[in-house]
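Q: Sequence:
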Amino acid sequence: MAIVITVLAYFCVLLLFSHLTARNMASNETFYRANRRSPWYMVAFGMVGASISGITFVSVPGMVMRTDMTYLQMCIGFILGYFLVAFLLLPIYYRYNLTTIYGYLQQRLGERSYKTGASFFLLSKMTGAAVRFFVVCIRSEERRVGKECHDECRS
Numbered sequence: 001m002a003i004v005i006t007v008l009a010y011f012c013v014l015l016l017f018s019h020l021t022a023r024n025m026a027s028n029e030t031f032y033r034a035n036r037r038s039p040w041y042m043v044a045f046g047m048v049g050a051s052i053s054g055i056t057f058v059s060v061p062g063m064v065m066r067t068d069m070t071y072l073q074m075c076i077g078f079i080l081g082y083f084l085v086a087f088l089l090l091p092i093y094y095r096y097n098l099t100t101i102y103g104y105l106q107q108r109l110g111e112r113s114y115k116t117g118a119s120f121f122l123l124s125k126m127t128g129a130a131v132r133f134f135v136v137c138i139r140s141e142e143r144r145v146g147k148e149c150h151d152e153c154r155s
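In the working numbering, the protein residues as written are 1 to 155.
It should be emphasised that the hints constitute simulated quantities derived from the structure, not laboratory data. One should not assume that every hint holds.
[Claimed, not checked] Calculated pairs, SDA-like style, for lysine to any residue (alpha carbon to alpha carbon, straight line, at most 20 Å):
(1) 125 - 51
(2) 125 - 103
(3) 125 - 114
(4) 125 - 78
(5) 125 - 81
(6) 115 - 126
(7) 115 - 96
(8) 125 - 135
[To be verified] Ranges of calculated distance between the beta carbons of each label pair, as one might list FRET restraints:
(9) 21 - 44: 36 to 46 Å
(10) 141 - 89: 34 to 44 Å
(11) 9 - 50: 22 to 32 Å
(12) 87 - 33: 10 to 20 Å
(13) 76 - 50: 16 to 26 Å
(14) 87 - 143: 13 to 23 Å
(15) 115 - 34: 21 to 31 Å
(16) 77 - 101: 15 to 25 Å
(17) 97 - 139: 40 to 50 Å
(18) 43 - 17: 20 to 30 Å
(19) 69 - 112: 39 to 49 Å
Positions of the beta carbon are idealized from the N, C-alpha and C atoms, including for glycine.
All chains should be modelled from the sequences, with the hints used to inform the complete structure.
A: Listed below in structure tokens is the structure:
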């Protein structure tokens with residue numbers, strides 16, 4: 001019961017905070033782009049934060065040990081990817097006054113491309129969430145089975 005109360009309290013605080021901070025919000029431009037007044041370091045933190053998850057902190061250290069530090073190549077790839085986004089995609093966003101890449105697809109290739117791209121995005125996000133949930137379930141089951149085995153072995 002304490003967990004349910006904690007989750008409900010968290011959501012109440014979250015709703016209160018969003019209500020208080022959204023009072024002066026005028027439009028979607030303000031919400032999505034902060035009227036183009038965000039400092040570069042906040043945008044950088046947002047990019048990095050959006051690309052990692054809690055699973056990264058749980059699974060990466062063990063994977064790095066097993067793969068002899070080849071994960072470093074992927075981290076270097078992330079850095080190169082950030083530069084590509086910054087110097088290739090962001091100028092396009094500003095030139096066409098875009099909020100998302102799907103707006104670019106719609107302008108350049110039509111409504112069908114826009115909907116196809118958005119559908120693949122939703123599919124990838126749902127698949128990623130399912131995998132993260134599955135990993136948590138596996139870890140929980142391993143802990144439960146390990147505890148049961150430990151309890152049985154003691155008796």
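Q: When the structure is checked against the list of hints, which entries are broken? Sort them ascending.
A: 9 and 14
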